Structures are given as structure tokens and as C-alpha cells.
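Bring the two chains, given one by one in their own frames, into a single complex with the hints.
Here is how the chains run, residue by residue.
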Amino acid sequence: MDHTVDPTDLTAAAAPDSLGNYLAGLPAPPMDHEHGPAKSVRTAEYQGHRIVITTTYEITVDDRPLTAGLDVDDSGMLSCHALPAYQFVSAVDAVRVLINSYPDAFRGGH
Amino acid sequence: MAVVRRNILTDQTARDDYVRGILLLKQEVGRHTTRQFGIAGPDTPVRTYDLFVIWHGKTMTTPIPPHGNPMVRNAAHRGPIFLPWHRVMLGLLEANLQRVLHKPDFALPYWDWSADGDLGSPADAAIFGHLGGDGDPVTTGPFAYHRTDPATFTVRIESDPSGMRLVQTSRGLRRSFAQPPPFGWRTLPTGAQVKGALDFAPPPGAAPADRYDVRDFNASSEGFRNRLEGWLPKDPSQPVHLHNQVHVWIGGDMGPATSPNDPLFYLHHCNVDRIWQGWLKRYGPLYAPDMTAPAATYLGERIDDPIVSPLGTVTSGPAATPRSVLDLSAVYTYDALP
Numbered sequence: 001m002d003h004t005v006d007p008t009d010l011t012a013a014a015a016p017d018s019l020g021n022y023l024a025g026l027p028a029p030p031m032d033h034e035h036g037p038a039k040s041v042r043t044a045e046y047q048g049h050r051i052v053i054t055t056t057y058e059i060t061v062d063d064r065p066l067t068a069g070l071d072v073d074d075s076g077m078l079s080c081h082a083l084p085a086y087q088f089v090s091a092v093d094a095v096r097v098l099i100n101s102y103p104d105a106f107r108g109g110h
Numbered sequence: 111m112a113v114v115r116r117n118i119l120t121d122q123t124a125r126d127d128y129v130r131g132i133l134l135l136k137q138e139v140g141r142h143t144t145r146q147f148g149i150a151g152p153d154t155p156v157r158t159y160d161l162f163v164i165w166h167g168k169t170m171t172t173p174i175p176p177h178g179n180p181m182v183r184n185a186a187h188r189g190p191i192f193l194p195w196h197r198v199m200l201g202l203l204e205a206n207l208q209r210v211l212h213k214p215d216f217a218l219p220y221w222d223w224s225a226d227g228d229l230g231s232p233a234d235a236a237i238f239g240h241l242g243g244d245g246d247p248v249t250t251g252p253f254a255y256h257r258t259d260p261a262t263f264t265v266r267i268e269s270d271p272s273g274m275r276l277v278q279t280s281r282g283l284r285r286s287f288a289q290p291p292p293f294g295w296r297t298l299p300t301g302a303q304v305k306g307a308l309d310f311a312p313p314p315g316a317a318p319a320d321r322y323d324v325r326d327f328n329a330s331s332e333g334f335r336n337r338l339e340g341w342l343p344k345d346p347s348q349p350v351h352l353h354n355q356v357h358v359w360i361g362g363d364m365g366p367a368t369s370p371n372d373p374l375f376y377l378h379h380c381n382v383d384r385i386w387q388g389w390l391k392r393y394g395p396l397y398a399p400d401m402t403a404p405a406a407t408y409l410g411e412r413i414d415d416p417i418v419s420p421l422g423t424v425t426s427g428p429a430a431t432p433r434s435v436l437d438l439s440a441v442y443t444y445d446a447l448p
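Chains as they are written, first to last, in the working numbering: chain C, 1 to 110; chain D, 111 to 448.
In isolation and in its complexed conformation, chain D is listed as follows (with noise of 0.2 Å):
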């Protein structure tokens, strides 16, 4: 049967399951160790949380189309793949949480970060009061670092300045909120840039899908998906929006290519995802590109395209694609939508 995922700040049995099952995947230690994913430095073994942090990492540097350039487009953010590869990511922590607090019914809570951006964007909103303020390390809330701790909340895996490579660390995690432009942004996204992005529609007498994204999908394409990722509109005024806004209002780990270290970025992204089941439920399962689009230049953006995960990987069942995600209400939804 379906989860029902909920508002973080409504729902307190969601929370408190949701910070237990993130310490515990903290604590967890799998077979693989650093050296098995190229990590440089001692062989250690990795925590099941820290196989999140190096995924989102590693797709980070997987370009689309494989042999291109992942700083133009990667597997999972710059192109329409952004939102189908968030949807399976957070599917799998979901399994994960469930796992670990014994609770098959547990669904990952969204943190409706645009209610925040409509108060005046507060350092100190009821979220941070549950989930912790910011510093470096962070100091309050269930994720603060407490050096002789050996059970403290402690980032292990982090990338590099190049942003290609990862590498291991032993610190708190940081965050720094607000920060002024270029470092950060003053305030948080608010409900009508939110409806503003669901409302965006392509010009007359464009196809249906262009309402999603249009060629040359990428950091510049017009479209709802590059509207809540948060390239569009261009305006140096205001570089980022919606969900890059977030990323850089939070600060600190939510910057770099690792910014699951932050269990902030699930609450952040399952709100992304709402934001598109919204949009999903107001037009319709559109999508673009099909599979008309050339491969050589699209392989791993387009409809039917594998997503890049495990699924079909290294389990026995089908690839997932963009397709197969565009509907996934047998095993999710939400209390609300946008």
C-alpha cells in the first residue's frame, strides 16, 4: 500500500522517525569500503547514509551524453533527467528509513520551504528548531557535532574544489544561512515564484511536453523543469531560484556536489518532488525528450532512457526511466499538493 508523505512541521511522528532513521543510517557500516569507489586515502568502510552522499556525487560527474561534459549536463541535474533521478534517490533513502526503523508504513516527510520564503525567510523557522540552526560545525538540533562524541553526526565524504573527485574528512556538518550574494541568498523561495513556475506555459501552438522542457534541455531551456530546478529566469540580479535558491540560502554542505551530508537536502528534495507531482497532476504524465531526440546527443535524458541507478543495474528488474517514475502512486503520495 501507498505511503502518505506529510509536512515535516505537522506531523511529529513522521519527524522523529525521520531524524532516528537518519542517525541510524548514520551508524550503519556496509561491506564496501572508500577504496572500492575510488575515494582516495585510508580504506574505510562506508556507512549506508554515506552511499547516498557518494552517489549524488558521482552522478554529479556522469555526463549527458556519456563522453560529454558533466559541467554542462549530468545524470541528474542541468536537464529534464533533474526531477526523474531525484524521484528514484529519494525513493531509495524512503526504503532504507523503513528498513531501519522497522516501520513499512514510514514515508519521508517534505519540508515546504516556500511557507518559510512567505514569513520573511527566519534563520530561526520552526524547521531549524527540530532539524538544528546553522554554524560550523552545527551545534544544535540532532545532527550537531560533539567532538569526543564517538556517535556524533559526522560528514566522512566530501568532494574536492575541482568538484570531480571525492574525498574523506572527519567533521561536523556546516551550514550558514542567508548569506549575501555571491556566497549565498537573503531569502528562501516564496509560494507565488512556487505557483509562478507551475503556471508557466509554452508559447501558442507548442507541443504539450514543451510545458516541461524544450531542446537544447539544458541550464538554459524554457520549461517548468528548469523553473524549479532554478536556472530560469536568467537574471544576473538573481542568479538561482526555487530549488537552487534553497540549496544556496542553507549554505554550508548543501553547496558542494555533496550535499546529501545534509539531511536537510531530503526534506528540501521530497518538497521538489511534491512540487512536481503537483504539476504532474495539474497537465498531466508530460515529459520531454522522446525518444526522437537524437541519442547522440540526448542518451540518458530521454523518456525511455535508463535513469542512472541501480535499478536493472544490479537488481534483476527493468531500468527505471523517466517514463516508469512519472506515475509511482502505488508506492507514494503526498497530503497535499502545490
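Isolated chain C, as found in the complex (with noise of 0.2 Å):
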């Protein structure tokens, strides 16, 4: 277990063929999001107590619905999965942002 990379290790992974088998082996995504509203579960233990909060998006942008992955972390911010460098305060900046960000996906009604 206690070993560096080999330069020729990295160099034969890089081989586009290489690389391509691999992303081709890869499993197809979870997918369990995409069925209903986007749902954020959180958890956390209080003298003894056990705190379950879930939180359900259910969004819709010119009437139809939207699947979009949003997850509010412990400190109450907010991610958004197609958006992974961001966080936000605010569910309706997030979806602001996902508009601006995907243009053809929003272009004509959603």
C-alpha cells in the first residue's frame, strides 16, 4: 500500500485509449434524484436526542418542473449539484443562477 506513482504508471493511464476504456467501464450515474422533488436530509445528535431535518425543493420554472440537485449543508447553505463551485443563501439565487448557467436548456421556456 505504501508506494508513490510511477511516472510510466501515469503516462500509460494517459494513453487516450486508456483513459477511454476507463470513463467507458464507469457506472451510469445515480439517477434516484431525478424521480420527485429534490430532497436534503440532515442529521445530528443533541444531549442524547437524534435530529433528523429534511428538506424538499420542489421547483418549477415557466410551469415545469425542474430537476435540479440542491443540497442545504449543516450551516444552512445551500449547494447545487450542477453548479459545484457555488453555494448559496438563497433557493431562488440558485435557480437564477442554474438559468444564466445552462442558457440553452432555458432558451424558449424551459
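Some hints could be false.
[As the list claims (entries may be wrong)] Here are some chain C residues the structure puts well away from chain D; computed CB gaps all over 10 Å:
| id | residue |
| --- | --- |
| 1 | Pro-37 |
| 2 | Tyr-46 |
| 3 | Gly-48 |
| 4 | His-49 |
| 5 | Arg-50 |
| 6 | Val-52 |
| 7 | Thr-54 |
| 8 | Thr-55 |
| 9 | Thr-56 |
| 10 | Asp-62 |
| 11 | Asp-63 |
| 12 | Leu-66 |
[Said to hold, decoys possible] Per the computed footprint, the stretches of chain D lying under chain C, defined by three or more beta-carbons under 8 Å from a beta-carbon of chain C, are:
| id | stretch |
| --- | --- |
| 13 | 122-133 |
| 14 | 164-177 |
| 15 | 428-434 |
[Unchecked claim] Distance ranges between label pairs, derived from CB positions:
| id | chain 1 | residue 1 | chain 2 | residue 2 | range |
| --- | --- | --- | --- | --- | --- |
| 16 | C | Val-61 | D | Pro-176 | 47 to 57 Å |
| 17 | D | Pro-313 | C | Ile-51 | 34 to 44 Å |
| 18 | D | Thr-123 | C | Ser-90 | 25 to 35 Å |
| 19 | D | Pro-290 | C | Thr-60 | 22 to 32 Å |
| 20 | D | Lys-213 | C | Thr-43 | 31 to 41 Å |
| 21 | D | Gly-394 | C | Ser-90 | 38 to 48 Å |
| 22 | C | Val-61 | D | Arg-281 | 40 to 50 Å |
| 23 | D | Leu-229 | C | Ser-90 | 42 to 52 Å |
| 24 | D | Lys-213 | C | Ile-51 | 26 to 36 Å |
| 25 | C | Ser-75 | D | Pro-252 | 35 to 45 Å |
| 26 | D | Arg-325 | C | Val-52 | 44 to 54 Å |
None of these hints come from the bench; they were simulated from the model. Nothing here was measured: the structure is a model prediction, and the numbers come from that model. We put the CB at the ideal spot given by N, CA and C, even for glycine.
What follows is the structure, given as C-alpha cells:
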């Protein structure tokens, strides 16, 4: 287990055929959250009590449901899976930025 | 012999080679097609450059632990694996650039964005004179879009608004510098902010590796990693920092899961890697979690867990692990460390 990556291994893995074969073998992503509203579950323990907070986002844009992966962390900050470097204090802001960042997906009405 | 990664602003050869190599990888067609990667639409041959876009996008949908929620923690972000995974990605891109350039001594250059942050984050900073400015599409520099030129720099793979599915497109690169929040951020990180992350110290009596990260090893956990990744400090008045802040400042294609579409991605991450290397030099080869962290929750983040990469998966050598990339001085070094 105690090894350092060898430069020749890096080169072999970098070959387009190697990288392509690897990517082709990856499993399809889990799509659970595509069905129904985005759900975020926070859990904590406090004074022997188990806290579970489930937050559900049901979003429409132009009357059409929007499948947006939203998640609230323990600090209350909101993340959006399609905007992985962002963090929001408002779900409305997250959807505004989604529309701004994916103009082709929302063009002519969602 | 190890190559030396240098500042792109001060090394013209590295800069010219980088641009030329990226354009070559953008034109190189391999034997794989979009259908093999589960990308809907016509079955289209995939360029070598776009393999990296797909890799980053797919890793973003790979949960840690397996069967977990990739929005909470994925195989490359929002946890301790953030720095090791991107180190491997940079290594594989660098090897491809060496190959197409026929220059085994080529080293990936870095963009020290904190130097531009210290100058007030100008949208016309010197780097954009070399690599193009912003726009939809970008119309200046070597990655500008020219609709009638079949060899023009073209974005071909992007994610959809769920962030879970890759789709095909054909358009120019998008950048949108320094937008107001929530769409972007007005400034780049400064040198003082980088120093603040490097200086972070855990509470007295903490384990040495707590300086890197602590349980719950996610986007809320304390430590250098989470500060450099840019989730801390949790501050509603400035939601993102350092690494994340640079993505958000550039905007456009640097926002979604397919952010490697923008060649600035690699120059940015090379600088992130350089900052990590500076931290490793200061404090030694520290990493957390170790293998005592329960696999049920942390498999894929621990020091000897395989990094989600082709290494050891489709190649005969061992898998890369966080431990195996803490010292890559046999592969590359930096001309200067923060």
C-alpha cells in the first residue's frame, strides 16, 4: 500500500485508449433524485436526541418541473449539483444562476 | 527526470507550448465515441481533450461512499480527496501534452491568480491577453470561436441543469468575468487569503493530520483542504473562497461540472496543486482520514483507498491512492512555492 505513483504508470494511464476504456467502464450515475422533488436530509445528535431534518425543494420554471439537485448543509448553506463551485443562501438565487449558466436548456421556455 | 512547472506569465515557452498542446488535443480524435460514455444524441467520435471533460463530469456523479449522495461528497470534490484526485488529473493531462508536443520535458504552467487578486482582479489581466478574455462566445485569444472555421475551439460536451447527465453541444467557449453575486464574484482571491489557508492550525492537542481535514470530511469540515477548496469560512456575505472563488469569478463554462472545457481550468488547478505542495513542504506528508475511518461512510476518501482514475483500473500498475501522490517529486516540481 505504501507506494508512490510511478511516472510510467501515469503515462500508461494517460494514453487516450486507456482513459477512454476507463470512462466507458464507469457505471451510469445514480439518477434517484431525478424522480420527484429534490430532497436534502440533515442529521445530528444533541443531548442524546437524534435530529433528522428533511428539506424538499419543488421547483418549476415556466410552469415546468425543474430537476435541480439542491442540498442544504449543516450550516444552512445551499449547494446545487449542476453548479459545483457555488454556494447559496437562497434557492431562488440558485435557480437564477442555473438559468444564467444553462441558457440553452432554458431557451424558449424551459 | 522531473519536469518543473512554472508561472505561465513568466515562461513564454511553457505558455506557447500549453496553447499549442491544448489545440492539438482538441483536434485529436480517438477510437471512443459518445455512446460508449452514455452521452445521448448522435454517436460522435470524442476528442482527447474532451475525454478529460467527461472524466471530470462523471467523477462529479460518483458518490463517496458508493451508494452515497454525490451532492454531499463525490469522488473529486467536497471532501479530502479533492486535492489528490485533481493532482492525478493534472498528471494525466500533462502526459498527454508531452505526447502531442513531442516534448517529454514539457511541464504544465500555473496561473497565480492571487497575484491578480492583489492587483484588484482586473478583467484585462495579463493572462487574458495571452489566453483570451470573456464573452459568449469568447472572441479573443487562441480559444476564440469562429463559426466558419472547422478547426475552431469548440465546446462539445456539457452537463444538463441536473448536473447528473452529460449532453452534446457545439458552440464557443463561454466566460463571464467578475459578475455580481449570486451569478459570480467581483474579486479573485488575494495572497493574504492564500496565506490564511496555509497558516490554518487546528486546536491545541489535535492530531497533526487534523490540520488537513477532520470528520465529517465534507464541505463543512475544518481544515486546510476545505479552506483551499473554498467552502470555508461559512459566511453568507461571501459564500465561496479560493478555488471555488476563481471558478465563480471566471464564470461561464468554469461554473458547471464540465469546467475543464475551459483551458483556464488546468492553469487554475495547477496553482491549487502548487499551494497544496507548499503546504506539504511546510507541514510534511499529512493526510486525513486514515484507514481507521469507517469504510461505510468514507470509502474513497481514506489515505490508502484507490483514487477514481484509470490508474490500476485499466493499467497494470497499482491504483493511485492519496498516500501515493503526496510526494510526486519524481514526476514534477514547482519553480516557486507559496
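Going down the list of hints, with the structure as the test:
no. : hint                                : verdict
1   : Pro-37                              : holds (13 Å)
2   : Tyr-46                              : holds (15 Å)
3   : Gly-48                              : holds (19 Å)
4   : His-49                              : holds (19 Å)
5   : Arg-50                              : holds (16 Å)
6   : Val-52                              : holds (15 Å)
7   : Thr-54                              : holds (13 Å)
8   : Thr-55                              : holds (12 Å)
9   : Thr-56                              : holds (14 Å)
10  : Asp-62                              : holds (13 Å)
11  : Asp-63                              : holds (16 Å)
12  : Leu-66                              : violated (7 Å)
13  : 122-133                             : violated (count 0)
14  : 164-177                             : holds (count 8)
15  : 428-434                             : holds (count 5)
16  : C:Val-61 with D:Pro-176: 47 to 57 Å : violated (32 Å)
17  : D:Pro-313 with C:Ile-51: 34 to 44 Å : violated (25 Å)
18  : D:Thr-123 with C:Ser-90: 25 to 35 Å : violated (47 Å)
19  : D:Pro-290 with C:Thr-60: 22 to 32 Å : holds (26 Å)
20  : D:Lys-213 with C:Thr-43: 31 to 41 Å : violated (52 Å)
21  : D:Gly-394 with C:Ser-90: 38 to 48 Å : holds (41 Å)
22  : C:Val-61 with D:Arg-281: 40 to 50 Å : violated (21 Å)
23  : D:Leu-229 with C:Ser-90: 42 to 52 Å : violated (31 Å)
24  : D:Lys-213 with C:Ile-51: 26 to 36 Å : violated (57 Å)
25  : C:Ser-75 with D:Pro-252: 35 to 45 Å : holds (41 Å)
26  : D:Arg-325 with C:Val-52: 44 to 54 Å : violated (19 Å)
Violated hints for the displayed structure, listed by number in ascending order: 12, 13, 16, 17, 18, 20, 22, 23, 24 and 26.
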